[in-house]
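Engineer: Turn these sequences into a full structure, and let the hints guide you.
Here the sequence shown is numbered in UniProt numbering, starting from 1 and rising by one per residue.
The reader is advised that the hints may include incorrect statements.
Dumping the calculated BS3-like pairs for lysine-lysine here, alpha-carbon to alpha-carbon at most 27 Å [what the hints assert, rightly or not]: (1) K126 / K32; (2) K31 / K68; (3) K19 / K216; (4) K75 / K118; (5) K57 / K69; (6) K126 / K96; (7) K57 / K104; (8) K225 / K71; (9) K132 / K50; (10) K19 / K235.
Since the hints were derived computationally from the structure, they do not count as laboratory data.
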Amino acid sequence: MNNQPILEINNLKVIFGDKVILENINLKLHKKEIMAIVGPNGGGKTTLLKTILGIYKPVAGEIRIFGKKYKRLPKGFVGYLPQKDLINYNFPILVKDVVCMGRKILKPFPSILNEEDKDSCYEALKKVGMEKFIKESFSSLSGGQKQRVLIARLLAMQPKILMFDEPSTGLDVVGQEDFYELINELRMENDIAILMVTHDIGVISNYVDTVACLNKSIHFHGSPKDGKLPDVLEKVFGKNIQLIVHDHQCLTCKGHIHE
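Structural biologist: Structure below.
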């Protein structure tokens with residue numbers, strides 16, 4: 001893993017009105033790393049993603065890309081998939097057009113895609129195993145297939161970082177496992193980093209490299225195998241949490257937290 005992080009956040013602080021949402025946030029994300037951000041509802045997880053994207057402006061701190069400070073990320077540098085309920089899955093559009101939207105983001109408006117752009121879109125679909133659906137209606141796909149097409153849309157931008165907000169919501173057990181295996185393949189084959197917000201604490205020991213436990217500030221940032229993590233999770237989520245560690249033999253209960 002390269003020592004220089006792709007993304008570095010230093011002393012970040014975000015305030016809405018007179019309420020402190022995030023403070024003293026320090027994180028580093030490296031190439032090919034999968035980081036999970038976990039924490040309770042209202043802990044600032046989605047706010048952190050949107051601050052990285054430049055949607056929210058911090059009152060203090062900085063965000064660095066490959067060591068350089070940026071107020072706004074370079075176009076296409078981050079591919080972001082928001083929470084499921086913020087996406088219109090029934091919009092009447094073909095799969096190929098969904099993916100091409102990612103390519104158009106890189107171009108001035110209005111613009112026409114050339115053959116190189118179209119090839120990039122097709123290659124993005126191939127990377128997620130959805131190329132045979134290129135002429136299908138997006139709304140006709142299953143939940144897991146739609147998610148793969150939306151990931152292809154991000155890949156068409158050729159990003160350095162993929163960010164996901166609650167990506168396993170609405171997926172069945174098999175769909176969740178497919179998703180985590182897919183992002184693991186993508187980060188290795190494309191030299192990208194992955195940052196995801198999740199409530200699915202049960203998956204972190206198997207699928208992620210680092211965990212950031214967030215509740216207004218960072219209470220833990222390190223390996224999911226660190227023996228301190230269960231105590232931190234108990235502190236942040238409450239004493240009634242039970243962390244279930246899953247393996248390949250536990251497919252029917254994967255990813256659940258019992259409180």
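Engineer: For each hint, tell me whether it holds in the structure or not.
Structural biologist: Checked hints:
| no. | hint | verdict |
| --- | --- | --- |
| 1 | K126 / K32 | 20 Å, holds |
| 2 | K31 / K68 | 16 Å, holds |
| 3 | K19 / K216 | 11 Å, holds |
| 4 | K75 / K118 | 19 Å, holds |
| 5 | K57 / K69 | 14 Å, holds |
| 6 | K126 / K96 | 12 Å, holds |
| 7 | K57 / K104 | 26 Å, holds |
| 8 | K225 / K71 | 34 Å, violated |
| 9 | K132 / K50 | 33 Å, violated |
| 10 | K19 / K235 | 22 Å, holds |
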